[in-house]
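Peer 1: With the hints as extra help, turn the sequences into a complete structure.
Protein chains in written order, with our numbering: chain A, 1 to 199; chain B, 1001 to 1178.
Simulated from the structure, these hints should not be mistaken for lab results. Incorrect hints may have been included.
Claimed, not checked - Computed Cβ-Cβ distance ranges for the label pairs, DEER-style: (1) 108/A to 1058/B: 19 to 29 Å; (2) 178/A to 1060/B: 49 to 59 Å; (3) 177/A to 1017/B: 21 to 31 Å; (4) 1017/B to 192/A: 18 to 28 Å; (5) 1061/B to 110/A: 49 to 59 Å; (6) 1060/B to 48/A: 47 to 57 Å; (7) 1040/B to 48/A: 25 to 35 Å; (8) 166/A to 1053/B: 42 to 52 Å; (9) 1037/B to 26/A: 22 to 32 Å; (10) 98/A to 1061/B: 40 to 50 Å.
Even glycine gets a Cβ: it sits at the ideal position worked out from N, Cα and C.
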Amino acid sequence: MAEYTGEEDRTIESPGLENPNDRPEDLLARLRQRDHQALAGIVEQHGPALSRVAYLYLGDAHAADDVVQETFVAAWDGARRTTPATRLQSWIFGILLNRCRKHLRSLARRRRREREVAVRESSPADPSEKSIGLERLDALRAALAQLDPPLREVVILRYERGLSVEETAAALGIPEGTVKSQCHAAIERLRRRMEPEND
Amino acid sequence: MTDPHDRFEDDLRAGLSRLAAEGPAAPHADRVLRRLRRRAVRRAVFAAASVAVLAAIVLTTAPLLYPPAPGGGINPGVPPVVVAQQSTVEPLPPTTDSRQVETTLARYLASAGAPDSMLVTKSPADGVSFVVPGRTAFSTQAMSRDLETIFQNFEQVNVSMRGGKAAMVLLRAERSQG
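Peer 2: Structural data, given as structure tokens:
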């Protein structure tokens, strides 16, 4: 895994995108033509969302950072297999989740049964977000880590990213009905784990 | 009254958002592009190294698979190289004497790169056959053809060459007589 150097690299100058507001379909079309600037544009547009999803999925900042970079490299490699009908957001989330699964498999091989839930020091709470306390946040972190990966993927895409059922299905390559049923199952499991008194 | 499920889902959204905020910052485009470049360099180095290793393997194993035979030739596993000039031999005249047979065979063996000892037999049924001791650097096919030419005026031949000296029995062919 690449060494995590995110903090120092945040100071690097922007590569100078020609048009940071490029439409997704244009970016993908240029990526198919091996345009580095298009890749830079996609990183700028989707990097934050991918980082959040990867971190929620993996629970490890270093691993998430590495997986997100791998995702963009894989997108560069796989762009030629896309078509004009490919939707950039679903496509790139699909790549990210594949990479996350691969990372977890690799981790599982190394650590066998040990599934480490990294308990980190929480960021200072945003005063505007009073709806969930630190205690419940830790409970959510633990419950999310215990959730089966397919259910975790659905919950993250639907509730953190706000993707529609259709977009989630496209990203995961599963039917919309499966997205709905998995989403329902995931919510029920999370609720039981976080609010056992409601059972 | 708020549905507890909806409230839970609202809390879930807020909680996921808070958790996600603890994650790493998005990678800068420069870092991704540098990673691509590093990978391209690694691949180029690997490809060059692979070619070098392959070349080394070929250079190392080729002499083992195709070792040179004693005398600078090649072993029988390699397509034969005709050392003897197949068109230079001429038939011994049917009236030749044993000295001429010795001289002709010795000269021929030397030109073919073969040792100066051999056993040559010829019969009406089997044609020419020969035995040359040791590994040789000549084509057996070419030597058979040459010996056929040398002894074409004889029906039966039994020549034993040792160190350039021959012991022989020759019987002239019927068609060569008279």
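Peer 1: Broken hints, numbered, in rising order?
Peer 2: Violated hints (numbers, rising): 1 and 5; every other hint is consistent with the structure.
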